[in-house]
Amino acid sequence: MNEKSATRPSSQGFTMAELMVSLVMFGIIMTISLSFLQVQTRGYRIGLERMTVLQELRYSMGMLEQDILTAGTNLTSGQPEMVYAGSDVLAFNADYGTRQQNDPFAVFYDPDLELAASVSVPKTRRFTLPGTSFAYPDTTYLAGGGQRSPAETIILFFTPDTATARSDDYILFRQVNYGAPQEVARNLLATSSQPFFRYYRANSAVLDSIPNDSLPLVHSIPMHGSPADTGAAARIDSIRAVRVTLTATNGLPGEAEHTAAMTRVFRMPNVGFGTLETCGSPPILGTGLSATVVTVEGAPAVTLAWARSTDEGGGEGDVVRYVLYRRLVGETDWGEPYLSIPAGAASYTYTDADVQPGEDYQYSLAAQDCTPTLSSQSAAVTASIPS
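Reminder that position 107 of the sequence shown reads as 107 in this note's numbering, one-by-one numbering, no gaps.
Keep in mind that a hint or two might mislead.
As the list claims (entries may be wrong) - Label-pair ranges, simulated between beta-carbon atoms:
no. : residue 1 : residue 2 : range
1   : T140      : S281      : 20 to 28 Å
2   : S347      : E114      : 28 to 36 Å
3   : G358      : D112      : 17 to 25 Å
Don't read these hints as lab results, they were simulated from the structure. Please read all numbers here as calculations on a predicted model, not as lab measurements. Using N, Cα and C, we set each Cβ at its ideal position, and we do this for glycine too.
Take these sequences, add in the hints, and give me the full structure.
Below is the structure:
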C-alpha cells in the first residue's frame, strides 16, 4: 500500500470560540452554585443562631423551674417560705442541698457542698439581698437539738449586663444564702415592658395576680399569726405561683438580631402549708448507743452504732433525724449537739475521727420528730482513746 494513500487520523481540538463559550458556561454554573451555597450557609447560620437563642431561653426557664418548685421544703417552725417577691428579684427558703447521705428531706445530695450553703443563715450573718435594700434574716431559725434549720435561702435575680454596649440586656444570677452569685444565663431582655417575675396568690380555688405596683413584697419576721403578719408580710404569705416572662437575644445589632420570647407559670406545691406545731407526743427513743474504739488509716477513731428508735420503726412514725452529743469525761454539760444524722435506715453507724489520744469521751443519742421535738437522751457511753 502506498504510504501516501494511507488514512491519517484527523487532528481535532477546541477552537478559540468553543473554549470561550465553555469558560463562560463554567463561570455561570460556578456563580449559580456559589450563590446557592451562600444562601444555604446563611440559612443554616440563621437557623443555628435562632436555635441557640431558643436553647438559652429554655435553659433559663428550666433552671428557674427547678429552683422555684423547691420553695418551702423542710422549713422549721416560724421560718418563712417566701422572703422577697419583686419584679426582678425572688427569694425563698428551701432545703435544696445537703451534705448528709440518705437525707430524706433535702432535694439534692452533694457531699462537696459547703456547710454555709446547706443550712439557713444565722442572724449574725444577716445580709442584704442583691438588687434590694432588704436585709435578711433577723432571726436564727433552729431545728431540733439547737441546730440551724437545713433550709437555705435561694435568691434568683436579674441585673443589667454592664459588659455589653447595650442598655437593655440582663444577666440572670442565682445565689445561695450570702454566697457569691452564680451566673445562670445572659443576653436576656425584658418582654414588652413586662416584669421578669409576676406573682399569683390563692383566693379560694382561684389564683389571682398580685399587681406589680404593690411589689416588692417583703416578709418581716415572725411569720403566720403574729402581730407583724399584716400588710405586705401577710400578702407575701399568700403567693402560690410565679409567672416568669423572658426574651432571649443573640446580642447582635439591627437586622442581625434574633430573639425568642417565652412565658411560663411555675406553681409552688410546697408553699402555703405552714409548719406543723406538733407531730404528736415527744418521740420515744427506745434504743441504746454503743461506742467502739477503732483505727482509721492509722489514727484512732470511735465508731458509734444504734438501732432504729421506737417511733421510727413503729409508733407515731415521726422520727426525722438523730442527734448525737459528745463531751469529755468529767464535763457535766453536753452543750450543743455534736452531729445530726437523717433517719430512714434500718440501723445506724457513725465514725468520729476527730478524737485525741489519751482522752476519754462520752457520747449520748436522742431522736427528733418533725416539730422538731427531741426524745430523752440515751445513757452515756464512754470511749477511751489510747495514748
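Here is what the structure says about each hint:
1. T140 to S281: 20 to 28 Å: Check passed, 27 Å falls within 20 to 28 Å.
2. S347 to E114: 28 to 36 Å: Holds, at about 29 Å.
3. G358 to D112: 17 to 25 Å: This hint is violated: roughly 33 Å between Cβ atoms.
Checked against the numbered hints above, the structure breaks only hint 3 and satisfies the rest.
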